[in-house]
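K.L.:
Below are the chains, spelled out letter by letter.
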Amino acid sequence: MDFTLSSDQRMILEMLDEVCEKEFAPRADEISETGEFPSENVKKLAELDLFGITIPKEFGGLGMDYATWTLIAERISKACATTGLIFGANLLCSYPLEEYGTEEQKKKFLPPLASGQSLGAFALTEPEAGSDAGNVQTTARKENGHFVLNGTKIFITNGEVADIYIVIASTDKKSGPRGLTAFLLEKGTEGFSFGQHFEKMGLSALPNVELIFNDCRVPTSSVLLKERRGFKVAMGTFAAGRIGVGIGALGIAEAAFEKARAYAKERVQFGRPISSFQAVQHMLADMATKIEAAKYLLYRAAWHLDRGEAFEQLASMGKLYASEVAMEVTTKAVQVFGGYGYMKDYPVERYMREAKLFEIIEGTSEIQRGIIANLILKER
Amino acid sequence: MNSQPERPTMDIVVCIKQVPDTEELPHIRVNRETNTLVRESAKGIINPFDENAIEEALRLRDAKGGRVTVISMGPPQAEEALRKALAMGADQAVLISDSSLAGSDTLATSYTLAMGIKKIGSFSLLILGKQAIDGDTAQVGPGLAEWLRIPQITYARKIEINGNKIRAERALEDAFEKVESTLPCLVTVTKEINIPRYPSLKGLLSAKKKEVLVWSADDLTLDRKRIGLEGSPTWVIKIFTPEAPPKGEVLAGEMPEVADRLIEKLREREVF
Amino acid sequence: MAEMRVDLEKCNGCGECISSCSFSALELKDGKVRILAACNFCGACVDVCPEEALVLEKEEKRVDVSSYRGVWVFAEQRQREIMPVTYELLGEGRKLAEDLEEELSLVLLGWKIEEKARELARYSVDKLYLVQDPLLEHYCTDLYAQALVDLVRAECPEIILLGATSLGRDLAPRVAARLKTGLTADCTGLAIEPEERNLLQTRPALGGNILATIISPRHRPQMATVRPKVMKRAEPDGKNQMRVIKIKPDLASQGPMVKILDLIREEKNVADLQEAEIIVSGGRGLGKPENFSLIRRLADLLGGAVGASRAVVDAEWIPSYHQVGQTGKTVQPKLYVACGISGAIQHQAGMRGSEIIVAINKDPGAPIFDIATYGIVADLHRFLPVLIDKLEKREKAAGLKNSIWEK
Chain G
1 MDFTLSSDQR MILEMLDEVC EKEFAPRADE ISETGEFPSE NVKKLAELDL
51 FGITIPKEFG GLGMDYATWT LIAERISKAC ATTGLIFGAN LLCSYPLEEY
101 GTEEQKKKFL PPLASGQSLG AFALTEPEAG SDAGNVQTTA RKENGHFVLN
151 GTKIFITNGE VADIYIVIAS TDKKSGPRGL TAFLLEKGTE GFSFGQHFEK
201 MGLSALPNVE LIFNDCRVPT SSVLLKERRG FKVAMGTFAA GRIGVGIGAL
251 GIAEAAFEKA RAYAKERVQF GRPISSFQAV QHMLADMATK IEAAKYLLYR
301 AAWHLDRGEA FEQLASMGKL YASEVAMEVT TKAVQVFGGY GYMKDYPVER
351 YMREAKLFEI IEGTSEIQRG IIANLILKER
Chain Z
1 MNSQPERPTM DIVVCIKQVP DTEELPHIRV NRETNTLVRE SAKGIINPFD
51 ENAIEEALRL RDAKGGRVTV ISMGPPQAEE ALRKALAMGA DQAVLISDSS
101 LAGSDTLATS YTLAMGIKKI GSFSLLILGK QAIDGDTAQV GPGLAEWLRI
151 PQITYARKIE INGNKIRAER ALEDAFEKVE STLPCLVTVT KEINIPRYPS
201 LKGLLSAKKK EVLVWSADDL TLDRKRIGLE GSPTWVIKIF TPEAPPKGEV
251 LAGEMPEVAD RLIEKLRERE VF
Chain W
1 MAEMRVDLEK CNGCGECISS CSFSALELKD GKVRILAACN FCGACVDVCP
51 EEALVLEKEE KRVDVSSYRG VWVFAEQRQR EIMPVTYELL GEGRKLAEDL
101 EEELSLVLLG WKIEEKAREL ARYSVDKLYL VQDPLLEHYC TDLYAQALVD
151 LVRAECPEII LLGATSLGRD LAPRVAARLK TGLTADCTGL AIEPEERNLL
201 QTRPALGGNI LATIISPRHR PQMATVRPKV MKRAEPDGKN QMRVIKIKPD
251 LASQGPMVKI LDLIREEKNV ADLQEAEIIV SGGRGLGKPE NFSLIRRLAD
301 LLGGAVGASR AVVDAEWIPS YHQVGQTGKT VQPKLYVACG ISGAIQHQAG
351 MRGSEIIVAI NKDPGAPIFD IATYGIVADL HRFLPVLIDK LEKREKAAGL
401 KNSIWEK
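Chains as they are written, first to last, in my numbering: chain G, 1 to 380; chain Z, 1 to 272; chain W, 1 to 407.
There may be inaccurate statements among the hints.
Capping the alpha-carbon separation at 16 Å, the derived lysine to aspartate or glutamate pairs in EDC-like fashion look like this [as the list claims (entries may be wrong)]: (1) W/K127 with W/E101; (2) Z/K208 with G/D29; (3) W/K393 with Z/E173; (4) W/K393 with Z/E257; (5) W/K288 with G/E14.
If you want the ones that stay clear, here's a sample from chain G, every Cβ over 10 Å from chain W, calculated [as the list claims (entries may be wrong)]: (6) Q9; (7) E30; (8) K43; (9) I154; (10) P219; (11) Q269; (12) L284; (13) Q313.
In short, the hints are calculated from the structure, not lab data.
For glycine and all other residues, C-beta sits at the position ideal for the given N, C-alpha and C.
Given only the sequences and the hints, what does the whole structure look like? Please build it.
P.N.:
Laid out in structure tokens, this is it:
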């Protein structure tokens, strides 16, 4: 066991801390209020080469490990959860490309993803296919060496701003999950358009968009992995994505905790700082403890992923636990702030609204418990 | 426009200084009882105006080709500042560090840097920040230009290179001045000139592999009488803290009452 | 070369000297003090050592300083207007000249500026060196430096004062480097040390948190730039005793190395900030950019300008020309209202010279309260609307009164 950061990691994080403090954190409130896509932040992430962390060097990335990616995503999310999720959603495109892509697909799509010139997105969710991922209604019909896509995807993170999409469609309806295929699509492909932008409780600047496929023709070379292997692509992507979502939740929890701690030391009631009251102390102690616990579940999941070992169970546990901790910590942070906490002048109410999403996306808490139960019951 | 041949590339030298980070409070504060500076691990940073100087050099190089060399005079730990400059994209870094340079004032510093720059070789442009935020003298730039016998353009908020001509906008108190000179030339820049980049990850990782050249006084051809304390006409004979401002008054109470009292105070002092 | 020594016999390792050192140049080793490379030979430790164990040995003077006599003030003109700092330097220069029992001279460089020379004659000045040449009509570093250096070499003054303006700070270091003499930037205090006739030059450093007194004991002339608006302006004495010495400089005929193409007046608001009598500044405590409307409203009501801290300028809440502080503008208004600004020393550096400082901040530990004349520990989002409301009512009442008077 070794939790020491490498000198490269320390150097990167030191630089990133400065960027987060000076660029991302000060704009987080504004972004959330206006709901405008934080293109400046995305540009900054690109300039700093952050999109290319895990992408191999031969494709223009830095070829670093997922553990480092995790540390970086944690900090970005802590400063600005919206930016953290955009960063994370991008991984849902680059990860499956790295894992399942052909040499040609990698050559074409990874360099622009690494440089940040292109953003990525992953599209599975449909009105009738949320937790029931196998129930995809979008179809891909084979026709003269092409596939023709028809259907609608909803809530797609980075939709419309992304240039490269991985889309899960059914090539064989009656086979259910086994009939799903993953396709690589570029924005601008004929028959591929964008619909509604969804208005959310929080994270208003995060694009969650409807994708519409209307006789959209793609060549067979755009199939990722293999025909009828789309469910494997989706599940593999989500497993890794859960580390990203968990770490996003953790970042929010850390931000809320730090705000609550500072406020508790500063706020005077009954002639002394409220941090001297045991009730507040216990709240803070619980918050800090759970944050640490969530952190190491996620770090360890990333560590196994880097070693090519089974990480799915830990990733699910980490995502489940971190998102629930984020909800709890942000709610308590509002409590520590009291009346002010409920006001929009302070960021803690925003954290609370943001945290809720994390218990839902990338598999709800209920789905995570199901996955974990399945895996632990297989063992003897 | 001009008959002289275009310089093929721009070799640029940037002089930087490592300074304590005054942004990081309360790292530096004055202890009123002992009248001394309390430096709680004040982190060293690149002088902010020098970051603008580096940025400008990198932009010019990227547009015109050439090399950017960053040079600093200071204690061994100033290497950190140079490393950051390398990570931002500078091609080469030189640190002049020697115990015999201790006590250098701006004249001795500009002389030593000038000798270091001569050792680096020829250059088209020499860029500095308009001043360092610790000393605030703004004297090293013009001093360097004098030792090197080149024109100087101070307080530049915009520069443009065309062939061997430089045009700049100088920010004066209430106006700006458009000027023109020939290269090689020394320019000191203000914060308005650009927004310095952060080092990219690739920059950070490759800077680790680059070497920072460290030159001692012996590595330079220089007159020993012109360096360090010996070469410094000015001597600091006393350092003290300014008289503490008279203890202010805290206005406390209900807000409307505090507002009334503040207005009353300001009226008494003839603000209205 | 100066040298710091420790008398190891006398040193008892008490460490008094270590806390007195501003340069962290002393350390204790094996119970004795050691001098490190960072030593600046300021001698602060020598004064505090109870055992007299620290010795500072300074080298003897080399230049014959006694052959340099008199005090010079560089008269700064732009577009044939004498800059205000010149009159401040005249007041200070006169005092120094009296202490030295020497003459006070002015040096004016330009072209067709005889009329300005007459204006200067109204002040208590002994001599005016009027250096005129068409090439000197507008300021340029190299030709002004050349003219001034030649004159110094011919006349050997012992002190030269220049304003610490963009011009003075461009010219003085170039001249000092050519003369290889000492120059102290941005002085706020000047005095004469009678014994050695040294000019004691006091200037702020590290954003005004410390002051340093500097001398140039072995070099003449002693040059200093003086911060504008610090020294008291001289009053005309009406005696008209000034002798004018006209000089035709010998300048490089090819003209200046840096040519001026154009001069453009800055937009009004920039000059506004430095000239404003009242400034209301906002910092990160505002929470978001829209809240600058509170600051603007308050500034309007007080008839002042809007300032800002570096943090909010960096966050692009407000353009950078509003920035007050070490990397922004230095201001000295009558009233400075800091709202939601913690008061990092880099901010203080730009505004601590203000006559009245009002600080509004919800953190009672904020360093801005250390220098505030009136401190208000409150949430500015709640306090400013109350204050604005009161001021609006006051204005209305005053308006009413005025309209009654008019009738």
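K.L.:
For every hint, state whether the structure bears it out.
P.N.:
Hints, one by one, checked against the model:
no.	hint	verdict
1	W/K127 with W/E101	holds (15 Å)
2	Z/K208 with G/D29	violated (36 Å)
3	W/K393 with Z/E173	violated (37 Å)
4	W/K393 with Z/E257	holds (15 Å)
5	W/K288 with G/E14	violated (26 Å)
6	Q9	holds (26 Å)
7	E30	violated (6 Å)
8	K43	holds (14 Å)
9	I154	holds (32 Å)
10	P219	holds (44 Å)
11	Q269	holds (14 Å)
12	L284	holds (19 Å)
13	Q313	holds (42 Å)
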